[in-house]
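Chemist: Chain by chain, the residues run as shown.
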Amino acid sequence: MNRTISLLFTLLLALQPAFGQSAKDIIRKSEEIRRGVQSSQAEMTMTIVRPDWTRTMSLKSWSKGDDYALMLVTAPARDAGMATLKRSNEVWNWVPRIERTIKLPRSMMSQSWMGSDFTNNDLVQEVSIIDDYEHRILKDSTIQGRNCWKIELIPHDEAAVVWGKVISFVSKTDYLVLRSEYFDEDGYLINVLQSSGIKTLGGRTFATKLEMIPMENPGHKTVLEYQNIVFDQPFTDEFFSVQNMKRVR
Amino acid sequence: MIFTLAWRNLWRNRRRTFITTGSIVLAVVLAVFMRSMQEGVYQKMIENVVGFYTGYAQVHQAGYWEEKTIDNSFESMTALDEARAANPRIVGVVPRLESFLLVYHGNASQVAQVVGISPEEENGLTQLGGMVKEGEYLRLDDQSVMIGSGLAKKLNAGIGDTLVLFGQGYQGSTASELLPVSGILQFGSQQLNDRMLYLPLPVAQGLFAAPDRLTAYALDLQAPGDEVAVTAALKSSLPEDYEVMDWREMMPELVQSIESDRLGGYLTMGILYLIIGFGIFGTALMMVAERQYEFGVLTAIGMKRRLLSQVMTAEMVLMALLGVVIGVAIALPVVVYFHYNPFEITGKSAEGYAAFGIEPIIPTAISGTIIAWQTLVVLLMTLAVSIYPVIKILRIDPVKAMRV
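Taken in order, these protein sequences are the chains called A and B. For the first sequence, the residue numbers in the numbering used here are 2 to 250. For the second sequence, the residue numbers in the numbering used here are 799 to 1202.
No lab work stands behind these hints, which were simulated from the structure alone. Check each hint, because a few of them may be wrong.
Claimed, not checked - Sample of chain A residues with no beta-carbon within 12 Å of chain B, all distances over it, derived: (1) 26; (2) 35; (3) 40; (4) 51; (5) 54; (6) 114; (7) 143; (8) 144; (9) 161; (10) 198; (11) 202; (12) 239; (13) 243; (14) 245.
Unchecked claim - Between beta-carbon pairs, the in silico distance windows are: (15) A:100 - B:870: 30 to 40 Å; (16) B:1141 - A:133: 49 to 59 Å; (17) B:958 - A:193: 41 to 51 Å.
Claimed, not checked - For lysine-lysine, the following DSBU-like pairs were computed, each having C-alpha atoms within a straight-line distance of at most 35 Å: (18) B:866 - A:222; (19) A:166 - B:866; (20) A:166 - A:222; (21) B:951 - A:104; (22) A:166 - A:30; (23) B:951 - B:866; (24) B:1033 - A:222; (25) B:866 - A:247.
Heads up, the beta-carbon is just placed ideally off N, CA and C, and yes, glycines get one too.
With the rest of the complex left out, here is chain A (with noise of 0.2 Å):
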């Protein structure tokens, strides 16, 4: 009898995969729809949106994998030339007006990014979503039209994340986060990440337009959109160095 039992145990166990997709799976597989499974390279426009002006910026993009990261600054001419780099753990700050590089110490990389409601943290991606957090499925539901999964995401003890929980919104069919939901520690919603104008761009169904939305300040927010991105180009990990970070146009 006992027997029996622990036999049954052990092949719920064994087969509960087969049942559906993890959340961590799910998040992964969103990611690399995102952000390619090797690299992807994008050209976007950045608007900061205040009550009282509005600002906008020209950048591209390179990432490889979770440790490597470049954005470059190509408008305004004030500000064109500057990047940002991400080698692991460390982020590089590259100012051509001043001819230098700087290295952003941790304590800021919860600071905002060049003024807009994204933090250096959320652009080079310094936690990563599938390893940092716990991830659970709670419930369908829909955004834009859109079957969902809603996953919760809740962070290890030990991750550097200023977030109590994140909320993600999965499409069923595309695996595009639609929306998420940054929650404080104390349960408060601090932010909302919008995707919308999904279509079809590098060769598969992408939300080309994000908008980050400080839940505090009314009248903020920040929009993202993508104008070109390309997935899965080889880049050698020299690519993402302090060196070519000066170079790269």
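Chain B: place on chain A using the hints.
Modeler: Just chain B now, with coordinates in the frame of chain A:
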């Protein structure tokens, strides 16, 4: 007549008078000195924070004090210069553009409070020029910075070294500049030493991409206390886009800590006066008992009780006045001496003071109000104490009194 009698009575028993007056003198000296020192510390605190940095009042874009970002800056204006011309209480109008930036030198980086100043006006308000420890004070057309000594140490930077300034400018632009250090400043406050970086206003406006913009006008006023009238006047004359704040509004926590500390001081003084009060009461009791025969004889030969009680009260008041006058005469030179030669705190507690941004010295305040209040309190106390002998005299029965 009453006072002549009272005066003569006082010197009939000198020892009693000396003891009573002595205890009053001691009370007055202690109270005046304690209060002067307390108020002196408060004045010093206010002077340090207000005088070295904020000024007694400031004008900003409405909402700046709540959210101190460079986006809440405003275009420089002439309205305040006109106000200064019209209002003699406003001695100086000091423009500033400030924000926080990262400062790099070699491998070291620090966050600094970066303040664009008009050097001459700034010196008028905060005597910043006097803080220069090494190098020279800024000129408006310089292309260099002055930094606090603590910041210089942390960055390992000296005169002539070039610093990298990097961060956020106006409306999301990037602020980046290379500037040499031309001066190192030594403040009394460690907080200021560790984070201040000054540069000429035009350089700051270029750096932050905020041409012709300011975050604050600090006002230099003729005398402390003028800020109330000046803020009220400016509030009504400036458009609503601006906020005018005096230091009390800007630093409510300073006001609160002074208030609560002062309350503690009052409590100590209350206890001190209670002790002295009972001392005086004791002498009054002794006096009544000693002079019962005398009072009995006087009433028996027809002295009016009312008149007798008035003489008694006059004696008490004279003693109190004598005590206060002598007490003040002793306390005043001491207070004045320590005002100009304040106690210097040394060692660990000095570091504590420095960490809070206060110079580690305790000066005394020379204040007429303090002296007037002590005099009043002692006099009232004496009057209150003399109620007992007065009642005793009014009820005196000469026959019983003389049979002691």
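Chemist: Taking the hints in turn, state whether each one holds.
Modeler: Right, here's what the structure says about each hint:
1. 26: Non-interface label on residue 26 of chain A holds, nearest chain B Cβ at 38 Å vs cutoff 12 Å.
2. 35: holds, 25 Å
3. 40: holds, 27 Å
4. 51: violated, 7 Å
5. 54: Label violated. Min Cβ-Cβ 5 Å, cutoff 12 Å.
6. 114: Label violated. Min Cβ-Cβ 10 Å, cutoff 12 Å.
7. 143: holds, 35 Å
8. 144: holds, 29 Å
9. 161: Non-interface label stands for residue 161 of chain A: nearest chain B Cβ at 19 Å, farther than 12 Å.
10. 198: At roughly 23 Å from the nearest Cβ of chain B, residue 198 of chain A sits farther out than 12 Å, so the non-interface label holds.
11. 202: Answer for residue 202 of chain A: holds, closest chain B Cβ roughly 26 Å.
12. 239: Its Cβ never comes within 12 Å of chain B, the nearest being 23 Å, so this holds.
13. 243: holds, 14 Å
14. 245: holds, 20 Å
15. A:100 - B:870: 30 to 40 Å: holds, 31 Å
16. B:1141 - A:133: 49 to 59 Å: Distance hint for residue 1141 of chain B, residue 133 of chain A holds at roughly 55 Å.
17. B:958 - A:193: 41 to 51 Å: holds, 50 Å
18. B:866 - A:222: holds, 20 Å
19. A:166 - B:866: The hint holds at about 29 Å.
20. A:166 - A:222: Roughly 21 Å separates the two Cα atoms, so the pair holds.
21. B:951 - A:104: Roughly 20 Å separates the two Cα atoms, so the pair holds.
22. A:166 - A:30: Given that 35 Å is the threshold and the Cα spacing comes to 20 Å, the pair holds.
23. B:951 - B:866: Holds. Residue 951 of chain B to residue 866 of chain B sits at ~27 Å (cutoff 35 Å).
24. B:1033 - A:222: holds, 33 Å
25. B:866 - A:247: At roughly 33 Å apart (the allowed maximum being 35 Å), residue 247 of chain A and residue 866 of chain B satisfy the hint.
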